[in-house]
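Whenever a hint applies, use it, and build me the whole structure from the sequences.
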Amino acid sequence: MCLVASGAVEAFFEIGIHCWDIAAGAVIVQEAGGLLLDVDGGPFDLMSRRMLSANNDVIAHRIIKEIEVFPVERDDAPVQKK
67 MCLVASGAVE AFFEIGIHCW DIAAGAVIVQ EAGGLLLDVD GGPFDLMSRR MLSANNDVIA
127 HRIIKEIEVF PVERDDAPVQ KK
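Numbering (the working numbering), first residue to last: 67 to 148.
With a Cα cut of at most 25 angstroms, we get these calculated SDA-like pairs of lysine to any residue:
no., residue 1, residue 2
1, 148, 138
2, 131, 83
3, 131, 84
4, 131, 110
5, 131, 80
6, 147, 114
7, 147, 83
8, 131, 73
9, 131, 106
10, 131, 104
11, 131, 114
12, 131, 111
13, 131, 82
14, 131, 69
15, 131, 92
16, 131, 112
17, 147, 85
18, 131, 108
19, 131, 113
20, 131, 105
21, 131, 96
22, 131, 79
23, 148, 84
24, 147, 137
25, 131, 78
26, 148, 114
27, 131, 76
28, 131, 101
29, 147, 86
30, 131, 74
31, 147, 84
32, 131, 99
33, 148, 113
34, 147, 82
35, 147, 113
36, 148, 82
37, 131, 85
Hints in this document: simulated from the structure, not taken from any laboratory.
If you want it as structure tokens, here you go:
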């Protein structure tokens, strides 16, 4: 994500990553003027465990068309008692 923020790469996406792994990177991308989206093109949701960061809208939407989205449990989902 910091490579996106610095301009070294145009985009990065991840599915299944935890909120604590991307929270700082999300702030850095946003402060650098980059985009943060859900991999389905919707708004970024830190707890969804799905993210795409890009340096422009055109690149982001090209990548979104190619991603096969699959469900993952949210980071804020209730813990199942055993």
